[in-house]
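Trainee: Listed here are the chains, written in short residue letters.
4 protein chains.
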Amino acid sequence: MMIKVGVIGSAGYTGGELLRLLVHHPDVKIDYVHSKSQEGKSIISVHSDLIGDTDIKFTGDFNKTVDVVFLCVGHGEAKAFLAEHSFDKNTKIIDLSQDYRLKVNGNAPTYQGVPFVYGLPELNKDEISKAQYIANPGCFATAIQLALLPLAKAGILNKVYTTGITGSTGAGQSLQSSSHFSWRANNIQAYKTLTHQHIAEVVQSLQQELGGEKQPKINFIPWRGDFTRGIFVSQQLESDLSLEELTNMYEVYYKEHPFTIVSKSPIHLKQVVNTNKCAIQIEKVGNEVAIHSAIDNLLKGASGQALQNMNIMFGLDERTGLQLKASNF
Amino acid sequence: MMIKVGVIGSAGYTGGELLRLLVHHPDVKIDYVHSKSQEGKSIISVHSDLIGDTDIKFTGDFNKTVDVVFLCVGHGEAKAFLAEHSFDKNTKIIDLSQDYRLKVNGNAPTYQGVPFVYGLPELNKDEISKAQYIANPGCFATAIQLALLPLAKAGILNKVYTTGITGSTGAGQSLQSSSHFSWRANNIQAYKTLTHQHIAEVVQSLQQELGGEKQPKINFIPWRGDFTRGIFVSQQLESDLSLEELTNMYEVYYKEHPFTIVSKSPIHLKQVVNTNKCAIQIEKVGNEVAIHSAIDNLLKGASGQALQNMNIMFGLDERTGLQLKASNF
Amino acid sequence: MMIKVGVIGSAGYTGGELLRLLVHHPDVKIDYVHSKSQEGKSIISVHSDLIGDTDIKFTGDFNKTVDVVFLCVGHGEAKAFLAEHSFDKNTKIIDLSQDYRLKVNGNAPTYQGVPFVYGLPELNKDEISKAQYIANPGCFATAIQLALLPLAKAGILNKVYTTGITGSTGAGQSLQSSSHFSWRANNIQAYKTLTHQHIAEVVQSLQQELGGEKQPKINFIPWRGDFTRGIFVSQQLESDLSLEELTNMYEVYYKEHPFTIVSKSPIHLKQVVNTNKCAIQIEKVGNEVAIHSAIDNLLKGASGQALQNMNIMFGLDERTGLQLKASNF
Amino acid sequence: MMIKVGVIGSAGYTGGELLRLLVHHPDVKIDYVHSKSQEGKSIISVHSDLIGDTDIKFTGDFNKTVDVVFLCVGHGEAKAFLAEHSFDKNTKIIDLSQDYRLKVNGNAPTYQGVPFVYGLPELNKDEISKAQYIANPGCFATAIQLALLPLAKAGILNKVYTTGITGSTGAGQSLQSSSHFSWRANNIQAYKTLTHQHIAEVVQSLQQELGGEKQPKINFIPWRGDFTRGIFVSQQLESDLSLEELTNMYEVYYKEHPFTIVSKSPIHLKQVVNTNKCAIQIEKVGNEVAIHSAIDNLLKGASGQALQNMNIMFGLDERTGLQLKASNF
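Protein chains in written order, with my numbering: chain Z, 72 to 400; chain B, 72 to 400; chain H, 72 to 400; chain V, 72 to 400.
A hint or two may mislead.
Since the list gives no way to pick out one identical chain from another, each pair is judged satisfied if it fits inside one copy or across any two copies.
Said to hold, decoys possible - Heads up, simulated DSS-like pairs for lysine-lysine below, C-alpha to C-alpha not over 27 Å straight-line:
#1 Lys326 <-> Lys355
#2 Lys160 <-> Lys285
#3 Lys288 <-> Lys230
#4 Lys335 <-> Lys112
#5 Lys112 <-> Lys263
Keep in mind the hints are simulated off the structure, nothing from the lab.
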């Protein structure tokens with residue numbers, strides 16, 4: 072039986088990337104592709120690479136009784152959208168915005184009385200499999216926490232110094248001076264130094280694994296990179312454990328998680344670009360530990376992970392429709 | 072039943088790209104991955120993006136009785152390889168080099184007495200479906216001829232002025248000064264001006280459609296582009312036909328060919344990068360016609376088309392394993 | 072004695088590039104830097120690379136009695152600006168827009184009754200040295216005509232097939248979907264096929280050299296390139312002259328022009344990026360001639376050539392302030 | 072009077088960049104351009120962007136009595152070269168390799184009994200002005216220490232977490248898999264994690280300012296970036312000083328140093344690319360300080376700084392020949 076899917080906000084980057092996955096997913100029937108701004112137009116007029124794959128059109132209406140709806144709207148807009156529209160109780164919702172990620176006083180945000188589960192399969196697979204509503208993690212948040220969760224689980228996480236670099240698609244398709252090709256090509260810039268909004272959800276996840284009152288500190292400097300897709304993160308912390316112990320701890324933690332892979336060789340960003348993978352590598356000199364991680368910000372960092380969550384929610388193999396050819400070059 | 076596949080020369084770019092496709096092909100079992108230079112190593116040590124997908128190792132030996140073998144070796148090396156090794160009569164061979172593409176005195180080159188078929192499905196699908204041996208087309212040759220074949224079929228092709236630009240993977244992975252990042256980044260250069268070796272196979276295909284003695288003239292200037300994947304070609308010629316007549320002629324010609332798509336909107340390279348598609352667009356001002364075409368040089372221009380040929384040879388839907396998510400960004 | 076300079080429209084790309092040159096020009100004193108949109112702000116707030124070089128501020132007013140004023144405004148805006156403002160009769164004007172480039176019925180456009188001279192030093196150096204007003208050539212126009220003028224001079228120019236590629240700065244700093252980094256990175260697209268507005272000024276210059284009624288035909292397809300600076304053009308035509316005769320003809324034509332250089336080795340774009348040079352190379356196979364040319368679109372294609380014109384108008388060595396270190400990498 | 076200059080190892084990246092500067096330096100006469108590998112060839116055959124600027128040829132011999140010789144050879148090769156050749160006692164030497172940067176037991180390395188001075192003008196301008204031999208700093212070392220020296224001077228430097236990204240020219244022109252365009256384009260990778268050789272010279276400089284026995288700890292993770300020119304570094308440390316106090320401390324420290332500029336606005340890499348500048352910006356949240364710095368690795372990080380040292384050694388304004396137009400885009 073095919074899963075009937077609706078996509079809200081489908082003219083943006085994460086919406087488009089989700090459509091690229093959905094058109095080839097063997098268990099999915101796209102019910103509607105909603106966009107206020109593009110209503111009536113062919114989706115090819117916006118996502119031109121889908122030429123020859125589909126001739127669906129954007130709709131202004133949408134069906135509230137599909138099996139699952141993906142919210143690919145901007146931050147703040149998901150909450151506003153759900154405040155305005157009542158979906159059927161049986162319709163699952165996967166929200167790619169940050170609106171429902173953070174607990175308030177220890178309680179997950181709810182919709183129609185039902186809580187949102189934070190949709191990081193490596194952390195919450197069981198809860199996701201039973202969830203009605205998913206808050207899909209942020210891109211930087213995914214790359215940073217996947218590199219730290221095993222340490223949190225082992226209770227040995229304290230202060231972390233983190234630098235990450237992101238492709239231009241992380242900033243969405245709005246036209247800004249920092250998204251202008253002439254500016255961004257061959258350029259690097261720090262932004263939101265020590266104040267990036269994703270750290271809150273990283274800390275929340277780490278605390279879930281740390282247990283109790285422990286409050287890890289993540290000092291994060293994000294950089295704008297001169298590429299379109301991907302996130303690469305290097306983090307530093309101190310530990311007495313040996314490199315072998317650390318690597319082993321990570322391998323055990325991610326044993327049942329096919330997309331998160333611990334590499335003993337040096338990783339590089341393009342290993343994972345255009346895939347749903349997260350590659351992790353650990354290095355150690357003296358007591359100083361460096362942990363590198365890499366994801367595709369639009370896939371494992373957004374639409375790929377959203378689809379992985381859908382697969383888990385509907386009892387499918389989580390890899391369905393996500394065994395993607397890396398572009399590699 | 073699974074198709075048993077062997078790959079010769081699997082440490083190079085086209086070999087790697089083929090492996091990326093084969094590991095996810097539902098009807099394929101990879102029998103061996105041959106590389107003299109990398110024998111005994113994991114294929115991940117070379118094609119690092121396959122981490123988590125497979126743990127196959129390169130072999131120095133190979134099995135001569137697989138269902139199909141792909142030759143991903145350099146130009147000249149395929150012929151030398153087949154001269155040295157006798158494959159089983161039932162083993163199909165798909166050669167990605169240029170060694171068997173050109174007829175000599177009107178006769179296709181042979182191996183063990185059986186002729187090679189030129190593996191452009193849009194031109195020779197029936198012959199491919201019955202072929203034992205395939206000469207897979209060149210990358211520039213694919214992009215150029217797909218943009219001209221309908222005109223040849225209509226008998227109206229004469230002199231063509233062609234400029235094309237190719238990504239760095241078109242030149243293979245050998246280290247050359249023109250493949251150095253410091254040189255190639257943000258750079259453009261013409262090379263092999265009016266002497267590119269692919270024109271011979273383009274002319275051969277055009278003559279097949281033109282029939283008789285007509286000798287089309289293709290004046291081709293290739294450029295090195297500052298990107299890794301893809302080929303974009305613009306060609307100029309004169310015609311009395313209207314834009315509508317031309318576009319319609321192309322749509323009819325490619326009606327049964329799912330990967331070659333005639334676009335009425337402006338095309339761009341990234342529409343097809345990381346897919347097996349060829350996008351074509353025609354423009355006309357006065358009597359002057361411009362035809363743009365775009366492919367991914369490693370897919371429709373090499374390994375993707377090779378797999379498309381395998382699908383046709385084994386009676387599968389030609390799209391099997393080739394419905395790829397475009398990277399688009 | 073220092074030349075007092077004013078710049079109108081100095082917040083844009085060509086204005087900024089001109090300021091980068093002017094701050095180091097030994098014979099120039101910048102009198103004002105005009106920008107309606109940025110009035111009162113430091114020019115560093117827009118042209119951040121000038122940090123440490125100057126602390127000039129944008130003004131909303133301007134002085135009509137400077138020695139020379141550069142108009143770095145958009146197409147159409149130069150004419151509107153001059154219609155509204157009367158500069159002193161002794162103030163020279165160099166207009167970087169296309170507003171005054173084309174003759175009407177054989178007559179150059181005028182301002183306050185004085186004609187504009189088309190500011191291509193390789194074509195009109197004498198006229199420029201005596202001119203009051205200069206219409207600075209377009210970027211593609213510069214690269215295309217410098218590659219054809221010697222043929223026109225020899226009277227042997229007929230039909231030309233031209234493909235050119237331009238960096239993103241050629242489209243200015245306005246935010247458009249085709250200037251978004253996510254779109255343009257690693258991408259190629261044709262635009263304004265056979266209809267580019269610069270061809271008119273190319274034909275005008277070629278006719279000036281051809282003399283009489285000859286009407287050369289330039290079939291030009293421009294491409295958007297995935298780099299920021301530079302133009303590379305390849306042109307095809309037929310000729311009976313030998314490569315040696317052609318190369319010699321070009322060397323003679325450009326003997327007195329230090330920035331236009333005929334290369335016998337293959338040229339590439341980065342040879343000239345961040346310089347005021349134009350590199351030209353000729354190749355020949357049979358009767359078919361290919362001529363490649365490369366410039367930096369913001370320098371020889373805009374602000375550098377404008378300054379070269381200023382130097383000539385004020386009797387300076389035309390290279391003054393223009394002996395720039397190529398970035399090369 | 073013109074300074075007679077010789078360049079050893081002039082076919083490499085730093086040699087080429089130095090030549091680009093020397094050909095336009097008003098007080099320099101290039102005496103010879105030495106390269107064993109390219110002897111007899113025109114320098115344009117290697118540094119093709121110098122076309123039209125010079126027709127010097129590489130020589131295999133060299134003159135030991137020039138005023139100054141630049142050693143642009145690889146690490147280890149400078150020491151070997153000077154062991155083999157005796158330059159005149161009056162010939163100044165500027166070595167761009169790392170061979171003479173580090174003191175041994177507190178003593179600077181010597182040549183012919185005369186010590187090398189570490190050529191960072193912001194740290195040692197007086198010593199440089201009197202020096203016979205200069206050890207020119209490393210590229211990463213320059214960017215890292217310029218961002219930390221004021222803190223060391225104030226005696227408040229302890230442990231620093233540093234991430235830096237470098238362009239491909241930092242790795243030289245040798246062909247390696249990580250310098251292949253197909254690999255490096257759109258890619259990011261960490262390398263030499265916590266073990267980069269430049270940290271030793273950074274620590275040596277910081278100790279010079281800290282005085283006494285203090286041993287600062289720099290935890291440095293370098294990344295390979297997907298651009299050709301430039302280094303961007305972000306460093307984290309703790310401090311009780313306010314942002315204003317810190318910024319003021321830096322401005323005071325660099326008051327007499329025209330190339331090192333403290334910015335109160337966000338800096339970005341292309342602000343300094345193709346210039347000899349170092350841009351520094353400080354940010355602070357709570358007690359956590361982030362310091363960003365950016366240089367061009369071939370200029371302030373190598374050949375530009377070498378020429379700045381020459382200017383100081385010969386009593387010229389240190390900016391002579393170094394007031395370069397930023398490429399900016």
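Trainee: Evaluate each hint against the coordinates.
Mentor: Results for each hint:
1. Lys326 <-> Lys355: The answer is within: 22 Å in one copy meets 27 Å, while 40 Å across copies does not.
2. Lys160 <-> Lys285: neither (37 Å within a copy, 65 Å between copies)
3. Lys288 <-> Lys230: Classified as both: same-chain Cα gap 5 Å, cross-chain 17 Å, threshold 27 Å.
4. Lys335 <-> Lys112: Cα proximity of Lys335 and Lys112: across copies only (15 Å, versus 48 Å in one copy).
5. Lys112 <-> Lys263: between (36 Å within a copy, 24 Å between copies)
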